[in-house]
Each structure stands twice: as C-alpha cells, then as structure tokens.
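As a plain string of letters, each chain reads:
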Amino acid sequence: MRRTAVLAAGALLGAAPAAAQAPDHGHHGGPAGGGTAVAIGFGTFAPATVDVLAGDRVTWTNTSVRRHDVAAVDSAWASGTLGPNGAYARAFDTPGTVAYLCRIHPFMRASVGVHELLLDAPREAGAPGRPFTLRGRTSLAPGTAIGVEADEGAGFAMVARTAAGDDGTFAATVRPRTSGRLRAVAGPAASPPVALPVLDRTVTASARRLRGGRWLVTTRAAPASPGTTVVVQLRLRERFGWWPVRRARLDHRSRARVRVRAVRARVVLTLADGATPLAVSPTLRLGRPQGARTAAKVP
Amino acid sequence: MSRAVALAVLIATGAALCAVPAPAEAATRDYWVAAVPVTWNTVPNQRDAIADVGVSPADTVFGTVVYRRYTRGWKRPLRNTPSGSGHHDLMPGPLIRAREGDRIRVHFKNLDTLFERSHSMHFHGVRYPPSSDGAYVPGFSGGDGDVRPGRTWTYRLRAGADSVGVWPYHDHSPSMHESIDGGMWGMLSILGRHERAPDREFVVVMAPMGRFQSIDGRAFVGNTPVFTSVEGDRVQWDVMAMGSEHHTFHVHGHRWRERGVDLDTRTVGPAESFRIRWRERDPGTWLYHCHVEGHMEQGMIGIYQVARR
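The listed protein sequences derive, respectively, from chains R and U. Under the numbering used here, think of the first position of the first sequence as 1, with each following residue one higher. Under the numbering used here, think of the first position of the second sequence as 1, with each following residue one higher.
Bound conformation, chain R alone (with noise of 0.2 Å):
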C-alpha cells in the first residue's frame, strides 16, 4: 500500500481573530443567515443531495411555476403546500439520511445527509508535497479529537489531527502528494469525503528592463492555470526575506506582467490567499546590465 504522504498536521485553532474568516475555502449552505437551500424546480430538487451539520437549517424554495411540497418518505414531517415562491425550512438535529419527496409530484425525491463532521470542498487545487490547510464544522463538543483522513487510491489512512474550536469549526493542514479524498473523522463519526485535486506546476519569470531603474516582470505558469494567483516577491535585508510587493491573476494565456523596482526577485504561484504557495519561480537578479534576461524552470 502507497503511504500518503502528509507530513505536518496540527491545531490551527485560535490561529486568526476571532473576527477572521478563512479567505479560501466556503462553508457548506446558501441562504444568508447560514443554513442550505435547495430550488424547488419543475420536476426536480437542486441539489438532490445536500450534505449539513447537525442542528443546521434547510431552506426550500419553490422556483417553479407550479404547485410542490416537501415532505420525509417516512412521514416524519411534511411543508404543506408551497405555491411559486413558497419557501419552507426546517433544521435536522439527527445525524443520518433523510429521504424526502414532493407528494403532489412523487417521482420527485431527494435527500439530506445529516452529519456531525463536515470539511469545505477546496476551491483550488493544492501542489505535491505542499501544505494545503483543510477547513472544516462540527457538532461535536469543544476540544474533541478530530483526525482526517486522506485516500490517495489506496484507502483512507490518517494524515492529520487536530481538535475542534470552541466555535464548532476545525482547521488541519496536510501535504497531499496526488489527487485524491480527504474525510474527517471523529471516533465512529465521519464527514463525507471532498475531492482535493492536485497538480505539479512549474512557475517560470522572466525580467526585461524599462526606463526609470525599473524592471518588467513577465511570468507564466505550467500547465496552464489561468486565474491563478502569482505574488512577486523581493528579497529585501530590511525585510529579513522574501517580501511580496505585487500580486496579480494569471490571465488567458496563462501570463501576468508586472513592474518591479528590485535587485533580486522572484514569483510564487499561490493559493487565492497570496500566501500559501504552490510553485516558485528561480530567483531574477536584477540590476544586470541592460537587455539581460533570465528564465528558467523550476527543476
């Protein structure tokens, strides 16, 4: 069996203010003021399957031009009647799968997975060896132990730990080294699996100078990666290190360009967060005389 390689992994509670949101990863549900929504169409649910926490909200909305309600195949509890527009919500305390249907349209049945651990789908997708950090909400008390599991194509297998926070979220970093699933378990609980992809890229720069002392920064990103977000850093003495000075998106062509006043520089293609990065550039020194050029590949 391949080991998944997850090297780091800790307790990343406490990490922000208290009134920080993680910028990169969304939390499951929809409507404002929290909770899921799922459409009510012609002839369908949208989503059909959706995934909540224990004690969150369901809201359904009727986005038909016809008649619909919404009610548990076992009877349990049912909206009544929901004209166009018609919206019923209800909150799901018990972990489990709810199956439910329209009565006035029976072929019409979706369902709602109820759990006590759930993990953000990443938004992006993470680099080999990399730390990618796993954001996720439970029900579960504060302090209790959470692990996540990674399954590379050979089965789960532990690659983090961590606890949960005193406002019910938790956050792990791990090091994926391919795509694959990562679930969070608790115990017998565990979250449904989120898909991490991950891709090995190269990020290569190239400088040209321009009048005035400044530098022309030209970068690009393979494979292709349009979107992405590239940070130009400085290697600056007063700043102990690399400093970023710019940040920009890849654009169709996979390109950004930016100008630099600088001596040495080079780019990082990172996550939306312009801090975690994904692929480096060799260092640019500039200030050569002029016309000089460098570009290279990460090895």
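Hints in this document: simulated from the structure, not taken from any laboratory. Backbone N, C-alpha and C fix where the C-beta goes; we use that ideal spot for every residue, glycine too. Incorrect hints may appear among the rest.
Unchecked claim - Pairwise CB distance ranges, derived in the manner of DEER restraints:
no., chain 1, residue 1, chain 2, residue 2, range
1, U, Arg105, R, Pro197, 31 to 39 Å
2, U, Gly142, R, Ala87, 30 to 38 Å
3, U, Asp199, R, Arg261, 21 to 29 Å
4, U, Arg151, R, Val185, 39 to 47 Å
5, U, Leu78, R, Pro282, 45 to 53 Å
6, U, His291, R, Ala87, 53 to 61 Å
7, R, Pro197, U, His252, 45 to 53 Å
To be verified - Calculated Cβ distances over 12 Å to all of chain R for the following chain U residues:
no., residue
8, Ala27
9, Ala58
10, Ala161
11, Asp264
12, Pro283
13, Arg308
With the hints as your guide, set chain U onto chain R.
Same frame as chain R, now just chain U:
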C-alpha cells in the same frame, strides 16, 4: 496719561502683538472612510527572523474588515497612512490629522460584504455631540453607533485646546469586539494652534492579532513597519494600544524627555495613547518593541532605520 506715554503704550502693545504668531485659521477637514473587507497576512515574510522560525500562511492569513481612506464620495481608495515613512497600508485606519480649533467631518460608509456586520467609528480626545459618539447603546444611540452594511454616517468632531496630542478611534458598534480583534482601529493626530508639524510621523498601534502580538497588524521584524527617517528630521511617534493588555513601548538608542524626566520606555494600556518627539541625530538601524517579553516573542517588535544626511 500724557500723549507720550499713550504712544509708548501703543508701541509696546503693537510690538507685543507682532511677537505672537498670527493664529492659524481654523479649518474644516473632511475625511472619507469606509469599512472594507480585505485578506490580511500578519506575517508576509512567513518567518520570525530573530528566532529563525518559519510561520505557515495557514496561521497568518485571514479575512477581516478594516477602515480605508477614500477620495470624496468614496470614489477612489487612498493610502491610510503617510507614505515615505515606512508604514504599510490598511492597518491602522486613516491617520486623522487636524489642528486645534479645526472642525473634522468623517464621512463613514459600511462596505462590509464579508461578515455583513454593523460598524461605526468612535473617536477619543475630540469634542462631539452624542450623535457623533459612534457607540452603540440599545435604546439610546442612533445610527452613529450602528451603521449597517451599505449605510453611511457623518461624524462631526471639533479639536479643542484639550485635544492636542494623539488619540485612538475604533469601532464601537454591536460588532465592536470582533472588529477590534480584526484591526478596526486608527489614530487622530491633533497639533496645537501654533505647533510645527513633524517631518516624519510614525503610527504605532500595539494590539493582539490572533495568536500573535502585533504592531499595526503585523508581527516580527521585517513584517512590522520599517520606519525610516534622515538625520536632522523632527520625528514623532504616535503610540497607542488596543485589546486587553498593557504594553511597554521602547525604542533602542533614543531617549525622550517628559515632564523633566528622560525616558526610553513608556507603558501604554488599552485605548491609551501618547506621542513622542525628538530631533533625529542617531543614524543606524534600531529596534523598537514592546518590552513585555512574551509580547516581544510573539511578534511585537520592529526596526527603525535612520539614514545619514
């Protein structure tokens, strides 16, 4: 009184009046400020250079809401703090400058699309009517203390003789505590009627930021502001603390005089503030930091560079 004596008195009075500078004209100063969402990195170089320890972006990057200065009508964003002195942008909020006697109008707009919370601005050290207090008191306060997303409020302030110095401002809405934790604070700097403005003004806000202790929302040398001046500059440090802890502000290689006593360290508690001035004469790279050891280890430290003229 003889005509000669009267003439002498008139001349003496005239001479005395000429010796006093003409009072500065009181002005009305308008500031346009909005609460805006940002992705903030407390440690952009991702390391504590002194301890030589790396710091993960997972621990340092978060979404928050800060005060941002704009042009009239919130048309175009501006830098919050003076450029050229080493400040970074967005934390602290705009430096509100005025002179004794001035009226200040702060036009505030809540553009919080991240948390969709109410926000406000509450100012220390200046005079204002209750409608410009910016504090939320259920059943008593008006819109000033509870500016909802998409709404605006104009705070009308006056800098009196007792306003000279530097003062904090911060969110005092129902989301006050979360907002202050996330960096919704800034400073007012009020000059006396005839006081000369400094050549360099450094804003230092000492506050916790997640698991770090920050200066202006950043932690560890290189990340905190790298303040700069030139030998001979008149420099002014505007220092304040937010949060629930006291700090001891210390600058290496420098002393300043307060009430006849030379100091190189001064304590500042939550929402307290002070300004320090000196004429720079010590070129070099110096540390400034909180001398509460635990705070310093958690990042409340920076460098100050003085160039030779």
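Okay, the hints, checked on the actual structure:
With their beta carbons about 51 Å apart, arginine 105 of chain U and proline 197 of chain R fall outside the hinted range of 31 to 39 Å. Against the hinted window of 30 to 38 Å, the Cβ-Cβ separation of glycine 142 of chain U and alanine 87 of chain R comes to about 34 Å, which satisfies the hint. For aspartate 199 of chain U and arginine 261 of chain R, the Cβ-Cβ distance of about 24 Å falls inside the hinted range of 21 to 29 Å, so the restraint holds. Distance hint check: the CB atoms of arginine 151 of chain U and valine 185 of chain R are about 45 Å apart, consistent with the given range 39 to 47 Å.
Between leucine 78 of chain U and proline 282 of chain R the C-beta distance comes to about 36 Å, which lies outside the given range of 45 to 53 Å. Distance hint check: the CB atoms of histidine 291 of chain U and alanine 87 of chain R are about 58 Å apart, consistent with the given range 53 to 61 Å. In this structure the hint that proline 197 of chain R and histidine 252 of chain U lie 45 to 53 Å apart at CB holds, the actual value being about 49 Å. Under the 12 Å C-beta cut-off, the non-interface status given to alanine 27 of chain U relative to chain R holds; the minimum distance is some 35 Å.
Residue placement check: alanine 58 of chain U does not keep its beta carbon more than 12 Å from all beta carbons of chain R (closest about 4 Å). Remark: the non-interface label on alanine 161 of chain U is consistent with the geometry, its nearest Cβ contact in chain R lying 36 Å away (cut-off 12 Å). Listed as outside the interface, aspartate 264 of chain U is consistent with that label: its C-beta sits roughly 22 Å from the nearest C-beta of chain R, beyond the 12 Å cut-off. With 12 Å as the threshold on Cβ separation, the claim that proline 283 of chain U sits away from chain R holds: the shortest Cβ distance comes to roughly 15 Å.
Distance to chain R confirms arginine 308 of chain U as a non-interface residue, since its nearest Cβ pair spans about 16 Å, more than 12 Å.
Checked against the numbered hints above, the structure violates hints 1, 5, 9; every other hint is satisfied.
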